[in-house]
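Visitor: Model the full assembly from the supplied sequences, consistent with the hints where possible.
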Amino acid sequence: MPHTVLLAEDDRAIRNALERALTLEGYRVTAVADGVEALAQVHRSRPDVLVLDVMMPGIDGLQVCRVLRAEGDRTPVLILTALVETADRIAGLDAGADDYVVKPFDVEEVFARLRALLRRAAPVAPVPAPEPVLEPRPGPSGRYVEAAGLRMDPQARRAWRGGRELELTRTEFELLELLIRHAGVVLEHATIYDRIWGYDFGPGSKNLAVYVGYLRRKLDEPGSPQLIHTVRGVGYVLREG
Numbered sequence: 001m002p003h004t005v006l007l008a009e010d011d012r013a014i015r016n017a018l019e020r021a022l023t024l025e026g027y028r029v030t031a032v033a034d035g036v037e038a039l040a041q042v043h044r045s046r047p048d049v050l051v052l053d054v055m056m057p058g059i060d061g062l063q064v065c066r067v068l069r070a071e072g073d074r075t076p077v078l079i080l081t082a083l084v085e086t087a088d089r090i091a092g093l094d095a096g097a098d099d100y101v102v103k104p105f106d107v108e109e110v111f112a113r114l115r116a117l118l119r120r121a122a123p124v125a126p127v128p129a130p131e132p133v134l135e136p137r138p139g140p141s142g143r144y145v146e147a148a149g150l151r152m153d154p155q156a157r158r159a160w161r162g163g164r165e166l167e168l169t170r171t172e173f174e175l176l177e178l179l180i181r182h183a184g185v186v187l188e189h190a191t192i193y194d195r196i197w198g199y200d201f202g203p204g205s206k207n208l209a210v211y212v213g214y215l216r217r218k219l220d221e222p223g224s225p226q227l228i229h230t231v232r233g234v235g236y237v238l239r240e241g
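Here the sequence shown stands for residues 1 to 241, numbered as in my numbering.
If you're looking for bench data, these hints aren't it; they were derived computationally from the structure. Keep in mind that a hint or two might mislead.
Here are the computed distance ranges between Cβ atoms for each label pair [as the list claims (entries may be wrong)]:
hint: 1; residue 1: R216; residue 2: R12; range: 37 to 43 Å
hint: 2; residue 1: H229; residue 2: E167; range: 50 to 56 Å
hint: 3; residue 1: D153; residue 2: R69; range: 19 to 25 Å
In this text, a Cβ means the ideal position worked out from N, Cα and C, and glycines have one as well.
Guide: And the structure:
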């Protein structure tokens, strides 16, 4: 069965062009012009993935995302935005979006990001053990993974720093889990992109830096050491001090 996409974009030319491109790519597309229609459509028939423009009249894409997350709807959301400032991208992630594409965009990038979102949302199948250098470190109980004062329950998708529970989006949770399971190991940018997104967006992409920065804001505490460290030109590592 083809994957279903709900596309919400108020610019008719962009909406029509993207709807045609997605249809030719094999998706079953429902295209609407604003956030009100998007919410109504989701409530009628939940799609496999949503593509939401940020700037729409009435209810914009971020408000749509907030409503769905408040309702407990975890359908993957890809945001289309003409806003390029880091704070604007963070606002999208904070609203519960899983990824974003900046306008003007290459339709192939939209396809790649949708494939990555759908892979991550698919039921987890047994996979071969990772390479030795990235051998996972299970917690002592077999259920929890722990490192650097952090604890995660992957089955329940909950995480804590000390006694404080962390409110994480899907991507933040997966990124933190990867870092915890390989605490003390410097993970290269390409490795993280492959594990989290299933696609390397290239050296010019700021996607990973935005997520790391946002995750740091949720992890860091006054008077406590920073946990996620940047290894310039290489990647990131989780460790205390």
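Visitor: Work down the list of hints and note, for each, if the structure agrees.
Guide: Now the hints, each set against the structure:
Taken as a hint, the range 37 to 43 Å holds for the pair R216 and R12, whose Cβ atoms sit roughly 40 Å apart. The hinted range of 50 to 56 Å is not satisfied by H229 and E167, whose Cβ atoms lie roughly 23 Å apart. Look at D153 against R69: about 20 Å separates their beta carbons, and that is inside 19 to 25 Å.
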